[in-house]
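S.K.: Top line first, the protein sequences correspond to chains S, B and X. Quick note on numbering: this note's numbering labels position 264 of the first sequence as 264, and the sequence is numbered without any gaps. Quick note on numbering: this note's numbering labels position 237 of the second sequence as 529, and the sequence is numbered without any gaps. Quick note on numbering: this note's numbering labels position 36 of the third sequence as 607, and the sequence is numbered without any gaps.
In short, the hints are calculated from the structure, not lab data. Heads up, a few of these hints could be off.
Said to hold, decoys possible - Okay, derived cross-link-like pairs now, BS3-like style, lysine-lysine, Cα gap no bigger than 27 Å in a straight line:
| hint | chain 1 | residue 1 | chain 2 | residue 2 |
| --- | --- | --- | --- | --- |
| 1 | X | 667 | X | 758 |
| 2 | S | 9 | X | 748 |
| 3 | X | 784 | X | 743 |
| 4 | X | 758 | S | 9 |
| 5 | B | 316 | X | 809 |
| 6 | X | 804 | X | 793 |
| 7 | X | 784 | S | 9 |
| 8 | S | 9 | X | 612 |
| 9 | B | 316 | X | 667 |
| 10 | X | 809 | S | 125 |
| 11 | X | 667 | B | 518 |
| 12 | B | 366 | B | 316 |
| 13 | B | 518 | X | 669 |
| 14 | S | 125 | B | 518 |
| 15 | X | 669 | S | 125 |
| 16 | B | 518 | X | 612 |
| 17 | S | 267 | B | 366 |
| 18 | X | 748 | S | 125 |
| 19 | X | 809 | X | 669 |
| 20 | X | 784 | B | 417 |
| 21 | X | 784 | B | 316 |
| 22 | S | 125 | X | 793 |
| 23 | X | 804 | X | 784 |
As the structure is a prediction and not an experimental result, all values here were calculated from the model.
Chain by chain, the residues run as shown.
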Amino acid sequence: MFEMCADPKVLAGLDWFACYLTTPKHFQFYFSFLVVLTLIFITAPIVLALGFLGAFARRAAFAPLRLVGHAYTSMVRGVPDIVFFLFVPIALDQALEYVRHRVLCPEVTEPVYRGNDFVVCAAAKLPLSSAPQWIHEVYGFVLAIIAFSVVFGAFAANTIDGALSAVPRAQLETARAYGMTERQTFRRIHLPQMWVYALPGLSNLWMILIKATPLLFLLGITDIVYWARELGGSKTSFFEYPHPDWRVWYFLALLAFYLLLTWLSEKGFAWLNVRVRRGQATIGAEVAGVGR
Amino acid sequence: MSCAETFQAYALRSFGFGERALPKTGISLCEQVVLIGSGVAWNLYFAVLAVFFGFFFATALAVARNSADPWLRKPAEMFVFVFRGSPLFIQFFFAYEAFVLLPRVGFDIPLGFATVTATTSWLTKAWLGALIVLFLNTSAYSAEIFYGALRSVPKGDLEAAEAFGMSGFSRFRRIIWPTLLRLAWPSYTNEAIFLFHATTLVFFSGFPAWRQEGDALYYASYFAEKTFNPFVPYPIVAIYFIIATVAIIALFGAINGRLNRHLAPEARSRVVYRPELKR
Amino acid sequence: MRKLVIAALVTAVSAGSAFAQQVIRMGTEGAYEPYNFINDKGEIDGFERELGDKLCEIAGYTCEWVKNDWDTIIPNLLSGNYDTIMAGMSITDERKEKIDFTQNYFPPAASAYVALAGADDSVINGNIAAQVNTIQSAYIAESDATLIEFAIADETVAAVRNGEADAVFADKDYLQKIVDESNGELKFVGEDVQLGGGVGMGVRKSDTEMRDKFDAAITQLKGDGTLNAMIEKWFNIKDAF
């Protein structure tokens, strides 16, 4: 990075730190913060979409669909989310490879589960072992996104379903009395009104999504937790910048990062909350009216 | 090994009794069910103690947050912000690394019939270190719930208490606290469940598993790695947790009934399990 | 099985004829200096990186390095996430049941105990830290000492430094530099123990052709003294073979 960093052995004090913190390895650490933010911003819209799907399924007229909706939204209630984070990526990966194995290699007749092994033919591997490394990484990341989306989608479905039910019936009946169709009522009245009720739950969900991102580490992705452990561990003179065990400082930095992120989010949602409530007859307004 | 033998060998494995070596080859369904079940005991241990002690600390924190004295209010606000604003997973990692830096000292705790020598090295073990983190974490979340409930205690109740000549601690204990609990209980039930679920993180964070004694998810991931088959161990964990969650809801529901026993049936609040998550 | 443990850090030993050459994915841990570690540039470095690149050059493969956690390194070889393991892995009968090894490229080595400076030799019967799934952890598990397992080697040493374990039991070559640079904080205790049949490259049993090619390449490097020079450079051991 800096010219003076050419020979780390002669550095001392602040110079040493300036060079140490700008090694390419540290830039991989800094880059992994972006990976975390990417995960949040990609996952959030998918979670919202799955939330709507789940909520609609729960309210569907068609009974089996309703059952699916209920099963989906209640699965997260009794089982820790971490179980899903560990289970979904492996299960999905094996399911995909199993199907590809059956389709692409019909000539192989041995079972796929052999004792303590899971064996599919080479053509069924995902990604193919000849694929470049970045494809392997992206594949792992996509599985992680799916795992996060599935779990938080179920929570979002609970929230959205609750918010849809919370919109006063009188408003919907009035809309119908004005001659709006079912579809128009939903789009013009039900949906816009719903946001007010859903926002507290969704903002809570956003916070939880942020706080769940370090679990990426459990999925074997080189995330900020991985780098904090790797960089913080004590280093002998095989490394250019030897140092004792500094993991506690690296984790302190992660702690600060997350506190900043949740603090900023809190401010953002407070602002958003004021915005959606503008001009609406909402709980806030009703509560204010009670004292009269 | 028959299933009864497996039960004998592994039922208490998570606490260091029974067979030393974990099953390695030809893993049976029975072994998975027994060993994962033995791990659930750790989850219950963490959850029960953290929630029990957290309950009292959270009450104190909520009162401090409501205090007019900034010397009480600010630290309480800060505490709640730090523990609610950061991931529990990172809290575990940080706490472990911080605990191991403590100087090793032992001190005697007289228990009357015997003296126990406690050492700071206990903090680096999951049974104490992780328990403390979980205790502080649930205290922060519960304090937020209790604080919200405290703010909603009807003013009329307080005025009535004053009219009866109650003040200070007796007013708190006999009027504010029962009402606070009644208002907070449905949310507090959710918090207890989520803390219980969060205990699965302990052995995946900094705290090492001693002699391979771990919780339910620790053993489940062990089996998933050994058998290459996630479709057996993880559903077993799920079933254990669903049963335990239902039990928690029943227990907290019963307490809720007691808190509300003076009210007409239709005025009672019901514990509706709504996942207001945490972490 | 964490099949997804396929982290970053890859460099192809690129050759002009990349099209004609078969790509071999080389699995390593990246946390066991001087065998393999992630250097300050964020790349895999160490004795095995240098040797592996050389072996690939001789065998005519294009090699790509893949980092994988130690505890899942054999399952992920079997499931095809990479084609070889070069991770300071000792050749043992138990491992040979699952995978094949080339001939050793590092001679059978001593394992040693390290404890804090004030400790005496009796600590080797106390709480011993070892890395999970290693020959050392298997050795401790069968002894009278209490085994504490850690996922990475650095954590085992940290556990001794902070007093959580009485001693760490690991490859002496790994511990040597750490002891040398601890300013007297750490020291070797007890007797060294000879374990394993040297370090070899792990491959799937079905990949016999590739194994033979690497075997031949190792023989060549042993013959012309290149391997000995590399071992001297990284381990400061003269005339290893």
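S.K.: A separate judgement is required for each hint: does it hold in the structure or not?
M.R.: Here is what the structure says about each hint:
1. Distance restraint check for residue 667 (chain X) and residue 758 (chain X): the Cα-Cα separation of roughly 34 Å exceeds the 27 Å cut-off, and the hinted pair is therefore not satisfied.
2. Taking the CA atoms of residue 9 (chain S) and residue 748 (chain X), the gap is about 17 Å. The hint holds against a cut of 27 Å.
3. Pair hint residue 784 (chain X) plus residue 743 (chain X) does not hold up; C-alpha atoms about 30 Å apart against a cutoff of 27 Å.
4. Between residue 758 (chain X) and residue 9 (chain S), the direct Cα distance comes to roughly 25 Å. Compliance with the 27 Å bound is thereby established for this hinted pair.
5. Distance restraint check for residue 316 (chain B) and residue 809 (chain X): the Cα-Cα separation of roughly 40 Å exceeds the 27 Å cut-off, and the hinted pair is therefore not satisfied.
6. For the hint linking residue 804 (chain X) to residue 793 (chain X), the alpha-carbon distance of about 15 Å falls within 27 Å, and the restraint holds.
7. Straight-line distance between C-alpha atoms of residue 784 (chain X) and residue 9 (chain S) comes to about 41 Å, which puts the hinted pair past the 27 Å bound.
8. Taken as a hint, the residue 9 (chain S) and residue 612 (chain X) pair is honoured in the structure, with Cα atoms around 16 Å apart against an allowance of 27 Å.
9. At most 27 Å may separate the alpha-carbon atoms for a hinted pair to count; residue 316 (chain B) and residue 667 (chain X) meet this at roughly 16 Å.
10. A hinted pair counts as satisfied when its Cα atoms are at most 27 Å apart, and residue 809 (chain X) with residue 125 (chain S) does not qualify at roughly 44 Å.
11. The suggested pairing of residue 667 (chain X) with residue 518 (chain B) holds, with an alpha-carbon distance near 17 Å, which does not exceed 27 Å.
12. For the given pair, residue 366 (chain B) sits about 53 Å from residue 316 (chain B) by alpha-carbon distance, which is inconsistent with the 27 Å threshold.
13. With a C-alpha separation of about 13 Å, the suggested pair residue 518 (chain B) and residue 669 (chain X) falls inside the 27 Å cut-off, and the hint holds.
14. Restraint check: the Cα-Cα separation between residue 125 (chain S) and residue 518 (chain B) comes to about 20 Å, which is no more than 27 Å; the hinted pair holds.
15. Note on residue 669 (chain X) and residue 125 (chain S): the hinted pairing holds, with a Cα-Cα distance of about 20 Å set against a maximum of 27 Å.
16. The straight-line distance between the Cα atoms of residue 518 (chain B) and residue 612 (chain X) is roughly 35 Å, outside the 27 Å bound, and the hint therefore fails.
17. As the CA atoms of residue 267 (chain S) and residue 366 (chain B) are separated by approximately 19 Å, the hinted pair is consistent with the 27 Å bound.
18. With a CA separation close to 41 Å, the supplied pair residue 748 (chain X) and residue 125 (chain S) exceeds the 27 Å bound.
19. Between the alpha carbons of residue 809 (chain X) and residue 669 (chain X) the distance comes to roughly 33 Å, so the proposed pair goes past 27 Å and is violated.
20. A threshold of 27 Å between alpha carbons decides the hint, and for residue 784 (chain X) with residue 417 (chain B) the separation of about 48 Å lies outside it, so the pair is violated.
21. At most 27 Å may separate the alpha-carbon atoms for a hinted pair to count; residue 784 (chain X) and residue 316 (chain B) exceed this at roughly 33 Å.
22. With a C-alpha separation of about 36 Å, the suggested pair residue 125 (chain S) and residue 793 (chain X) falls outside the 27 Å cut-off, and the hint is violated.
23. For the hint linking residue 804 (chain X) to residue 784 (chain X), the alpha-carbon distance of about 25 Å falls within 27 Å, and the restraint holds.
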